[in-house]
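One letter stands for each residue in the lines below.
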Amino acid sequence: MTQATVAPFRGQAESDERPLPSAADRRSKQSLLFALPKGRLAQDSLSFLERAELSIPTDTESRKLILPAADGSIGFVMAKPRDVPTYVEHGAADLGICGLDVVRETDRAVYEPLLLPFGHCRLSVAGPAPGSATAHVENPDAAGLAVKPASSAQLDGTPLRYMSQPRIATEYPRLTRQFFAERGVNAEIIALGGSVELGPILGLADLIVDVVQTGTTLRMNGLVEIRTILESQAVLIVNRASYQLKAAEINRIIERMRLLTT
Amino acid sequence: MNGHVPFGVADYFWEEANMRQGLLDQLMETFRGWGYGDVIPPMFEFDSTLSAQYDDRLRSGMYRFLDRDGSTLSLRPEFTTPVARLVGARLHDWPMPQRFCYGGSVFRYLEPQAGRQREFWQAGGELFGAPDPAADAEILALTATALKVAGLTQFRQIVGHIRYYRSLLEALKIDPQQTQQLQWALERKSEPLLEEFLRDTPLRTGQRQAVETLPQLVGENVDSILSLAERHIQNRGMHESLQNLRGIVDALIGYDILDSFVIDLTEIRNLGYYTGVSFEAVAPGLGTAVASGGRYDDLVGRFGPAQPAVGVALGVDRLLVARQRQDGQDAGAGQHRLQPALALPQGSPEALAQVQRLRRAGMHIQVDVNGWGLDAAFLYAAETGVRDVLVWEDGFQHHRRDERGDFVLLGPLEVGGLAGRTEMSREELFK
Chain H
0 MTQATVAPFR GQAESDERPL PSAADRRSKQ SLLFALPKGR LAQDSLSFLE RAELSIPTDT
60 ESRKLILPAA DGSIGFVMAK PRDVPTYVEH GAADLGICGL DVVRETDRAV YEPLLLPFGH
120 CRLSVAGPAP GSATAHVENP DAAGLAVKPA SSAQLDGTPL RYMSQPRIAT EYPRLTRQFF
180 AERGVNAEII ALGGSVELGP ILGLADLIVD VVQTGTTLRM NGLVEIRTIL ESQAVLIVNR
240 ASYQLKAAEI NRIIERMRLL TT
Chain R
0 MNGHVPFGVA DYFWEEANMR QGLLDQLMET FRGWGYGDVI PPMFEFDSTL SAQYDDRLRS
60 GMYRFLDRDG STLSLRPEFT TPVARLVGAR LHDWPMPQRF CYGGSVFRYL EPQAGRQREF
120 WQAGGELFGA PDPAADAEIL ALTATALKVA GLTQFRQIVG HIRYYRSLLE ALKIDPQQTQ
180 QLQWALERKS EPLLEEFLRD TPLRTGQRQA VETLPQLVGE NVDSILSLAE RHIQNRGMHE
240 SLQNLRGIVD ALIGYDILDS FVIDLTEIRN LGYYTGVSFE AVAPGLGTAV ASGGRYDDLV
300 GRFGPAQPAV GVALGVDRLL VARQRQDGQD AGAGQHRLQP ALALPQGSPE ALAQVQRLRR
360 AGMHIQVDVN GWGLDAAFLY AAETGVRDVL VWEDGFQHHR RDERGDFVLL GPLEVGGLAG
420 RTEMSREELF K
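In the order they appear, the protein sequences are chains H and R.
First residue of the first sequence: 0, per numbering that gives the first Met the number 0; consecutive thereafter.
First residue of the second sequence: 0, per numbering that gives the first Met the number 0; consecutive thereafter.
Accuracy of the hints is not assured; some may be wrong.
Quick list of simulated restraints, FRET-style, between CB atoms [stated by the list, open to error]:
id	chain 1	residue 1	chain 2	residue 2	range
1	H	Q177	R	Q208	33 to 41 Å
2	H	K79	R	D326	29 to 37 Å
3	R	G361	H	S30	44 to 52 Å
A few chain R positions that, by computed beta-carbon distances, are all more than 10 Å from chain H [to be verified]:
id	residue
4	A16
5	F45
6	M95
7	I157
8	P214
9	G218
10	R399
11	R400
12	L408
13	G415
If you're looking for bench data, these hints aren't it; they were derived computationally from the structure.
Glycine is no exception: its CB is placed at the ideal position from the N, C-alpha and C atoms.
The task is simple: from the sequences and hints, build the whole structure.
In structure tokens:
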């Protein structure tokens with residue numbers, strides 16, 4: 000079955016676009032607000048919007064919080080990636096782009112019509128590589144609370160459910176808890192704001208859950224991937240009310256983006 | 000005592016309290032105008048009663064506590080279930096249809112967001128004992144009317160029919176995991192997830208086409224969407240749900256509200272206890288629904304003889320936020336704030352008798368109880384936004400604050416010289 004068989008949400012049945020009631024006309028033309036993630040996905044998001052022939056802000060380095068598109072049709076806010084789904088759920092922004100990992104972790108009530116062809120990565124469980132120095136670092140304070148796997152060398156082929164309460168450092172506490180809970184493991188989640196690779200090195204955690212693109216960072220820190228929790232890529236998200244209230248404008252954007260995704 | 004309040008509740012005072020109470024009054028008055036009678040269910044009930052509805056999210060968000068005899072009680076998270084209990088258990092032999100309206104606090108243990116604390120206000124109406132599409136149409140039209148009364152001009156009502164989706168599931172005969180996959184795709188309006196479902200799930204051609212068509216069953220063109228859906232009917236349930244929607248749309252023609260309609264047969268997020276039509280109203284500037292409702296024919300029967308029922312609940316707090324965003328910032332800035340006149344009786348019993356007469360005529364008047372002189376009275380009046388000061392000198396002398404903030408003597412108080420805070424002027428406050 001090819002992808003082309005699925006019609007877009009809101010398809011041909013909408014072809015005869017009905018004008019809004021006159022009172023609403025003026026406001027319906029108000030521009031959309033688009034939330035984009037700062038950091039890793041920022042440049043890819045902007046180039047993608049450009050390829051989709053959507054007007055993008057000319058000066059993204061500006062200190063202004065809301066950046067108008069070059070033609071004024073759309074406003075952009077550059078937000079912390081984690082905040083993008085929040086902005087969109089609350090309707091502060093009509094649309095947003097962020098990673099699927101963030102959408103699943105924040106679990107906000109938004110529509111997510113399209114996956115976008117960039118920002119590919121995976122959310123993985125990783126642990127100390129067999130025989131690596133980090134596997135042997137002992138932290139006397141943190142050790143001994145739970146039965147640990149006899150050797151991390153076994154982790155690769157060993158069901159995670161054999162682990163008694165592993166301590167897991169992550170920026171993704173919700174997905175991590177869920178992943179281990181599904182396997183009957185009541186993991187001890189250590190939520191960090193970044194640099195989770197440090198967890199096993201310092202003896203803070205047995206394992207980590209983090210996004211992996213090439214695996215270089217993991218290798219440099221003596222860690223190996225054990226399981227994949229989620230294959231992630233960029234995703235377009237839409238506020239549920241805006242989807243209906245600004246249907247015409249939002250559909251125009253979805254249509255243009257879809258041309259680049261199929 | 001630190002004077003804090005718990006997370007999720009709030010104090011409302013001054014103009015904000017006025018606006019909230021005023022909006023609730025207007026909504027209730029609208030419902031009454033459609034023949035809906037007031038009902039005041041208890042603030043808390045047995046947990047088992049309130050859990051009779053099926054919405055897991057709602058159920059997990061209830062405030063529960065123990066009664067002294069050990070039974071579990073819950074604060075009401077909504078009004079529909081208590082009213083359904085009342086009708087099922089006590090009013091089942093009263094002639095149908097029965098119409099009820101309500102307004103007040105409900106409680107949900109959720110993260111507060113714009114226009115919703117953990118205690119928030121709902122107003123709504125429920126119509127029992129009428130299975131006909133005309134009843135669904137009445138609730139939809141009543142919702143649109145209430146939203147207009149609340150001052151919203153650009154809302155949309157997104158109308159779905161849960162039976163269409165449930166019947167499709169019956170036709171597909173897929174396992175729970177596949178059902179979950181389809182539900183996820185539809186809830187998120189995700190094309191990739193729907194493609195994935197179709198890749199993973201073997202279906203007969205007709206069924207596959209019915210699923211492939213789902214995303215197109217969203218939009219403003221009610222007639223063409225229903226026609227398209229009718230071409231992919233798999234069983235009696237899907238047929239009947241579409242017939243039902245057509246009936247509702249036909250019954251709505253006279254109400255002239257169809258231009259705010261959006262059909263969305265993939266909107267299945269708020270399954271709750273609905274059995275037929277279900278809808279949400281959205282307004283610009285607010286990412287979440289300001290009203291939601293639908294048909295729930297199975298709920299009353301849990302408490303007594305079954306009765307068909309359909310109803311709607313509006314979020315008063317969210318309506319206020321939506322109206323404020325629609326009208327711009329200045330609408331909430333208190334420019335309409337009109338304080339009651341301040342009367343200085345100067346120790347005269349006659350003055351108080353006169354104040355009583357003025358109050359009976361609808362004037363809002365506060366009487367000086369501190370024995371103030373003019374200067375103290377003017378100072379207090381100026382600081383609290385009082386415009387009119389009445390000073391007794393064998394009859395009230397009327398002082399009014401001018402644009403510069405000085406009080407000017409207008410002379411003896413004349414009939415009609417005071418703005419009253421009657422129902423009439425309260426309505427003016429809102430327009």
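Numbered hints the structure breaks, given as an ascending list
7, 8 and 9
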